[in-house]
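A.B. asks: In case you want the letters, here they are:
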Amino acid sequence: MSRGGPHRDGGPAGPGSPGPITTDRERRAARGWRDSVRQYALEVRGSVRGGERGPLLVLAGLLVIWIVFQGLDDKFLSPRNLSNLSVDIVGTGLVAVGIVFVLLIREIDLSVGSVSGLAGAAFAVLNVNHGVPEWLAVIVAVATGTAVGAFHGFFHAWLGVPAFVVTLAGLLIWNGLTLYLLGASGTINIDEEGLVASLTSRHFGNDLVAYAVAALGTAGYFLAAHRRRSRHRAAGMPYRTEGDIGMRTGLLAVVAFAGAHTLNRFQGLPLALLIFLVVLVVSDYLLRRTRYGRRVYAVGGGVEAARRAGIGVERVRVAMFMVSGTLAAFGGLFVASGLTSASPTTARAAGSGMLLINAIAAAVIGGTSLFGGRGSPWSVLLGVVVIQSIASGMGLLGVQDAVQFMITGGVLLAAVAADALSRRAQARRGRP
Amino acid sequence: MSEVVPVAHPPVLALRGITKRFGGVQALVDVDLRVRAGEVVALAGDNGAGKSTLVKVISGVSPADRGVIEWEGRLVQIKRPHDAHALGIATVYQDLAMCDNLDVVGNLFLGREIDRVGVLDEVEMERRARDLMRALSIRIPDVRVPVAALSAGQRQAVAISRSLMGAPKVLLLDEPTAALGVEQTSHLLDLIEEVRDRGMAIILISHNMGDIKAVADRVAVLRLGRNNGLFDVSTVTQEQIISSVTGAADNAVAHRSKGDEEAWP
Ligand SMILES: Nc1ncnc2c1ncn2[C@@H]1O[C@H](COP(=O)(O)OP(=O)(O)OP(=O)(O)O)[C@@H](O)[C@H]1O
Ligand SMILES: [Mg+2]
Chain A
1 MSRGGPHRDG GPAGPGSPGP ITTDRERRAA RGWRDSVRQY ALEVRGSVRG GERGPLLVLA
61 GLLVIWIVFQ GLDDKFLSPR NLSNLSVDIV GTGLVAVGIV FVLLIREIDL SVGSVSGLAG
121 AAFAVLNVNH GVPEWLAVIV AVATGTAVGA FHGFFHAWLG VPAFVVTLAG LLIWNGLTLY
181 LLGASGTINI DEEGLVASLT SRHFGNDLVA YAVAALGTAG YFLAAHRRRS RHRAAGMPYR
241 TEGDIGMRTG LLAVVAFAGA HTLNRFQGLP LALLIFLVVL VVSDYLLRRT RYGRRVYAVG
301 GGVEAARRAG IGVERVRVAM FMVSGTLAAF GGLFVASGLT SASPTTARAA GSGMLLINAI
361 AAAVIGGTSL FGGRGSPWSV LLGVVVIQSI ASGMGLLGVQ DAVQFMITGG VLLAAVAADA
421 LSRRAQARRG RP
Chain B
1 MSEVVPVAHP PVLALRGITK RFGGVQALVD VDLRVRAGEV VALAGDNGAG KSTLVKVISG
61 VSPADRGVIE WEGRLVQIKR PHDAHALGIA TVYQDLAMCD NLDVVGNLFL GREIDRVGVL
121 DEVEMERRAR DLMRALSIRI PDVRVPVAAL SAGQRQAVAI SRSLMGAPKV LLLDEPTAAL
181 GVEQTSHLLD LIEEVRDRGM AIILISHNMG DIKAVADRVA VLRLGRNNGL FDVSTVTQEQ
241 IISSVTGAAD NAVAHRSKGD EEAWP
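In the order they appear, the protein sequences are chains A and B.
Going left to right, the first sequence walks through residues 1 to 432 as our numbering numbers them.
Going left to right, the second sequence walks through residues 1 to 265 as our numbering numbers them.
Hints listed in this document are in silico derivations from the structure and should not be mistaken for laboratory results.
Be aware that one or more of the hints could be misleading.
[As the list claims (entries may be wrong)] If you want the footprint, here are the derived chain B segments under chain A, 3+ residues with CB under 8 Å:
1. 46 to 55
2. 108 to 121
3. 186 to 193
[What the hints assert, rightly or not] Facing chain A, a subset of chain B residues (Cβ under 8 Å, in silico):
4. V61
5. S62
6. R66
7. M98
8. C99
9. D100
10. L102
11. E126
[To be verified] Every beta carbon over 12 Å from chain B, so not counted as near; a handful from chain A, in silico:
12. V165
13. Y285
14. L286
15. T290
16. Y292
17. Y297
18. A298
19. V299
20. V303
21. Q400
22. V403
23. V411
24. Q426
Built from N, CA and C at the ideal position, the CB exists for glycine as well.
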């Protein structure tokens with residue numbers, strides 16, 4: 001899923017992107033899942049040696065985390081806890097998707113935590129204190145994030161201020177603005193039956209919904225892979241074997257239906273998770289399949305080359321900070337929804353950097369590089385599940401905040417260290 | 001020198017009085033240069049003479065402060081890379097700047113991707129990339145590897161293929177052979193002759209007298225940002241070029257540039 005993903009074409013080439021495609025005609029003839037498995041194993045081994053962190057390593061790490069927490073508390077893998085986990089990842093996950101857009105152009109946005117807090121507060125103040133209709137308050141809150149992103153982008157791209165300074169200033173400014181907005185009213189409770197509350201509380205009780213989404217996702221993947229295969233074949237280019245596509249689709253189906261089944265054993269598919277998946281699919285498609293997305297990767301992979309190719313580097317930069325601000329604000333509404341309130345305490349928490357660190361860690365753990373040009377929104381899914389699993393497990397065990405801070409910081413450090421190491425290993429092999 | 005210039009063909013590209021400064025550095029002063037279709041003009045000069053700066057002026061990456069550019073006899077403005085590209089000027093830069101994270105196809109088509117309503121047509125781009133590589137007899141093992149994994153020669157080949165993609169009329173090559181081995185260099189020189197014979201005008205920057213002698217028709221020398229001689233390669237000696245480059249022939253500059261002015265009314 002990470003690093004340019006499993007697809008052969010489209011998107012920037014990840015290292016090892018020749019992937020499991022057999023260019024050799026004879027091997028192509030030898031189809032079947034056995035070969036696919038063997039080939040995939042070889043690919044993983046090669047990429048690990050080449051210094052690439054495949055998603056399999058992260059999956060293995062996740063497995064260890066789950067087993068440890070399940071051993072410590074047997075409620076950890078209960079449908080209830082997993083279902084809650086799938087809702088709790090969404091706020092951080094959306095913020096992290098925004099971070100991916102910025103990391104891809106080799107920049108950073110340190111203000112996302114504050115911006116998400118600002119959006120929650122703006123919504124609450126407008127809707128509860130001023131009686132603005134919910135839908136309008138939501139739009140204004142999200143647009144606030146967009147505007148804040150444009151503001152950061154302007155300072156960075158047009159005035160040339162380094163992004164980390166602009167957004168560090170933003171971290172304080174927007175947190176201050178949030179506290180100022182809430183200052184008069186203190187804690188604002190949002191309508192528990194309303195639109196924003198339902199973002200995290202609504203579940204599709206009908207079992208069929210979760211299964212239908214699982215089936216749709218699997219079928220969509222299969223059809224896309226199959227279509228790509230036929231086009232490549234028709235053009236006389238290397239293509240995936242039937243067995244390979246079958247195996248991938250099978251794996252996806254197992255994960256999707258097992259997930260749906262687990263969710264249905266609690267309250268059904270959460271609306272939040274559905275929204276998150278849609279955001280992931282759309283942003284991944286945008287970045288890796290469209291002309292615009294190619295520009296984003298180009299800016300991250302070589303500013304000078306991008307500029308010479310006529311790409312408006314400054315515009316792309318501003319746009320990426322706008323995306324990041326927008327998604328931070330959108331994620332902030334999910335955070336507010338989960339708390340069903342906006343308060344100075346939560347605002348301070350938003351500015352404290354916990355959400356920011358979790359979001360960056362989620363993006364980097366999943367395989368998006370801090371060094372620009374590598375990664376994809378899908379990387380967030382895996383990363384945020386890891387991060388939220390740790391948080392949820394520590395919560396279940398009643399680990400105190402002080403220790404949680406140290407562990408979360410340590411996880412971020414480990415993730416970026418792995419990123420830096422893999423980059424060095426690739427540099428040794430003549431890769432970026 | 002006027003006799004070596006066939007007057008019948010107007011130059012496809014002519015620069016006059018190009019001046020450019022970076023802060024306190026006068027990178028180019030009143031530089032003239034012209035090139036005709038089907039001709040290779042070598043641009044020689046010591047390090048820092050202003051060759052790369054001149055290339056960037058022509059390619060629109062960093063426009064001149066002063067001076068005029070004529071394209072096929074009419075005055076044009078080249079303010080952005082897009083302007084140069086639209087005229088039919090293609091450039092291979094000295095630093096071969098590429099997007100290391102993108103594969104060969106991605107770099108070849110960067111900025112002019114083939115798409116259907118914004119969605120990339122990867123199959124078509126890959127097909128054309130392979131065709132182009134085959135036509136230029138460039139051997140790249142896999143057009144889907146990231147360019148960071150390529151050797152210097154392969155990167156050079158990708159950069160040149162990229163520049164030739166839009167069927168340009170003028171090709172600017174900034175020290176294309178600097179990083180190449182013997183065989184790759186001779187392959188590149190063959191390639192230059194081939195595109196020249198197709199009627200393309202080529203400006204070739206090189207420090208290598210052997211390369212200049214092998215493919216160039218004329219050689220223009222820059223020294224400290226100024227024109228310092230224009231020679232017909234078939235009659236000039238290597239020593240003459242070198243002394244013009246190093247400034248040993250500074251005494252001759254006066255009447256050389258006079259001669260140039262006669263050649264370039
Ligand atoms: N972006 C820039 N900013 C400031 N000075 C510059 C810049 N680009 C070039 N120069 C200066 O302009 C002069 C000409 O540089 P240029 O790169 O054109 O030389 P060159 O002839 O290509 O040399 P080389 O053979 O080393 O490639 C040099 O003195 C250089 O320091
Ligand atoms: Mg140079």
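A.B. asks: All hints, please: hold or fail.
C.D. replies: Consistency of the hints with the structure:
Coverage of the region 46 to 55 of chain B by chain A is violated in this model, with 0 residues showing a Cβ closer than 8 Å to a Cβ of that chain against a need of three. With 8 residues carrying a beta carbon less than 8 Å from a beta carbon of chain A, the region 108 to 121 of chain B meets the three-residue requirement, and the given coverage holds. Counting residues of the region 186 to 193 of chain B whose beta-carbon sits less than 8 Å from any beta-carbon of chain A gives 0, not enough to reach three: the coverage restraint is violated. Hint on B:V61 holds. Least Cβ distance to chain A is approximately 6 Å, under the 8 Å limit.
The interface hint given for B:S62 is broken, as the beta carbon of that residue sits about 11 Å from the closest beta carbon of chain A, more than 8 Å. Taking 8 Å as the C-beta contact cut-off toward chain A, the hint placing B:R66 at the interface is violated, the least distance being around 23 Å. Interface restraint check for B:M98: the shortest CB-CB distance to chain A comes to about 5 Å, inside 8 Å, so the restraint holds. For B:C99, the interface hint holds, the least distance from its beta-carbon to any beta-carbon of chain A being 4 Å, beneath 8 Å.
At a threshold of 8 Å, the smallest CB-CB gap from B:D100 to chain A is about 4 Å, leaving the interface hint in force. For B:L102, the shortest C-beta to C-beta distance to chain A is roughly 5 Å, which falls under 8 Å, so the interface hint holds. Checking B:E126 against chain A: minimum C-beta separation of about 6 Å stays under 8 Å; hint holds. Even its closest Cβ contact with chain B, about 25 Å, leaves A:V165 beyond 12 Å, as expected for a residue assigned away from the interface.
For A:Y285, the non-interface assignment is contradicted: its Cβ lies about 9 Å from the closest Cβ of chain B, within the 12 Å cut-off. A beta-carbon of chain B comes within 12 Å of the beta-carbon of A:L286; the shortest separation is about 9 Å. The Cβ of A:T290 does not lie farther than 12 Å from every Cβ of chain B; its closest approach is about 5 Å, which violates its non-interface assignment. With a least beta-carbon separation of about 7 Å from chain B, A:Y292 fails to lie farther than 12 Å from that chain, contradicting its non-interface assignment.
With a minimum CB-CB distance of about 6 Å to chain B, A:Y297 fails to clear the 12 Å threshold, and the non-interface call is violated. Its closest Cβ contact with chain B, about 5 Å, brings A:A298 to no more than 12 Å, contrary to its assignment away from the interface. A beta-carbon of chain B is positioned within 12 Å of the beta-carbon of A:V299; the least distance is around 9 Å. With 12 Å as the threshold on Cβ separation, the claim that A:V303 sits away from chain B is violated: the shortest Cβ distance comes to roughly 9 Å.
Look at A:Q400: its CB is around 42 Å from the nearest CB on chain B, clear of 12 Å, so calling it non-interface holds up. Separation of A:V403 from chain B is adequate, the least Cβ-Cβ distance of about 38 Å exceeding the 12 Å criterion. With a cut of 12 Å on Cβ distances, A:V411 stays outside the contact zone with chain B, its closest approach being about 26 Å. A beta-carbon of chain B is positioned within 12 Å of the beta-carbon of A:Q426; the least distance is around 8 Å.
Checked against the numbered hints listed earlier, the structure breaks hints 1, 3, 5, 6, 13, 14, 15, 16, 17, 18, 19, 20 and 24; every other hint is satisfied.
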